[in-house]
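Undergrad: The chain contents come next:
Number of protein chains: 2
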Amino acid sequence: MRYTNEYKEQARAKLVDAGGRHAKKHGFINSGMADLAEAAGVTTGSLYKHFNSKSDLFVAMITAELKRTADMYGAVDAADPVAVSRALADYLSTSHVQRPDKGCPLPSLTPEIGRADDAAKQAFEEGVKTIHVKVAALTGNSDIAWAVMAQNVGAVMLARALRSEAMQRELLSAVCHAGEQLLSIDTRPQEK
Amino acid sequence: MRYTNEYKEQARAKLVDAGGRHAKKHGFINSGMADLAEAAGVTTGSLYKHFNSKSDLFVAMITAELKRTADMYGAVDAADPVAVSRALADYLSTSHVQRPDKGCPLPSLTPEIGRADDAAKQAFEEGVKTIHVKVAALTGNSDIAWAVMAQNVGAVMLARALRSEAMQRELLSAVCHAGEQLLSIDTRPQEK
DNA sequence: GTCTATATCTAGATAGAC
DNA sequence: GTCTATCTAGATATAGAC
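If you read the sequences in order, they're chains A and B.
Take the first sequence: its letters are residues 1 to 192, numbered as in my numbering.
Take the second sequence: its letters are residues 1 to 192, numbered as in my numbering.
Don't read these hints as lab results, they were simulated from the structure.
Any given hint could turn out to be false.
Non-contacting residues of chain A with respect to chain B, defined by C-beta distances greater than 12 Å in every case (computed) [as the list claims (entries may be wrong)]: (1) Ser53; (2) Asp71; (3) Ala137; (4) Asn152; (5) Ala159.
DSSO-like mimics (lysine-lysine), calculated; alpha carbons at most 30 Å apart, straight line [said to hold, decoys possible]: (6) A:Lys54 <-> B:Lys25; (7) B:Lys102 <-> B:Lys129; (8) B:Lys129 <-> A:Lys25.
Just so it is clear, CB atoms sit at the ideal spot from N, CA and C, and this is done for glycine as well.
Could you put together the complete structure from these sequences and hints?
TA: What follows is the structure, given as structure tokens:
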């Protein structure tokens, strides 16, 4: 029985993982169950033994993808300003813009989650909360963490919809510059 | 012939307008041609006399929606800091989060445009460029304008996917605060 | 130009053999 | 648990009457 369960877990993990990549690239709504199954090397009949519906799979994907992002920023050394700046620049890189399947789920999937059911929003909220904690450890301030997150997610999403690479770069570098300024803001009460 | 053309123009405008509201709320992909036609008070057969395909309608909607947003910020008095702050706060309001059909198209439609064809991206790029010009007139700085746009679009999009209103508010107020700080940054070269 | 009716295709989900 | 085959619903797009 142990082998069976192990294999089942592996198959499920592959569905979530490969499905997440597919959804980040094409959108969840544009990912048919046949596509998602094929990405994991199985068929739809098999997929439905792991998830009761497409919505259930979506929730599992949201949870896994957001955890992945949270772990990434949890691994950055908060005491090293260079590492923090590099994390900012990496997020706002053209390679992140060009490879949504390898990147953060927030710029690609968030609007679909906003239109999904409460289970999806619940999973989203928990995942984003964890990301926010990790980012706040890097910025040293909760509000600045929210601002940098919103800024970066918005910038990558907008850049992906721009046609010219020149304009993508203009946007990304402007936002990166502003992000550095936000990070350098002294959050102690100012004297007049 | 003049009457005929006038009516035709009106019908087309209504398709674009009502369709835009529907798409901002449900997503363009989730808006069937029957839905979009019904929102304008016609049927699909009639719709196809105005647009050759769903993609063509999408391009028209993107152009119209982005122009609407650009006009909105073009009407704000750049010389009045209170008006600028109010525009920022209005964008980051809970009512904007709760009513996507009445609001800015960027937080709802951008990822779909990122996956669409070049015609859609071209229309998007032109519209966003115009918005950026209007916002830069308010911020007084091109880079800060990009940053505030990315921040606000990202914040509204993220807030819409959060389940609890409390967390929505936390995010919105944090980003509004950071936006005010970005607006107050002195962009002249600093002396050490 | 607008309607009704429909052709054609693809999606999510299920049945049943192995 | 995985496969093949299929049901059913809904999508885009078109045809033809008025």
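Undergrad: For each hint given before, does the structure comply? Return the numbers of the non-compliant ones in rising order.
TA: 4, 5
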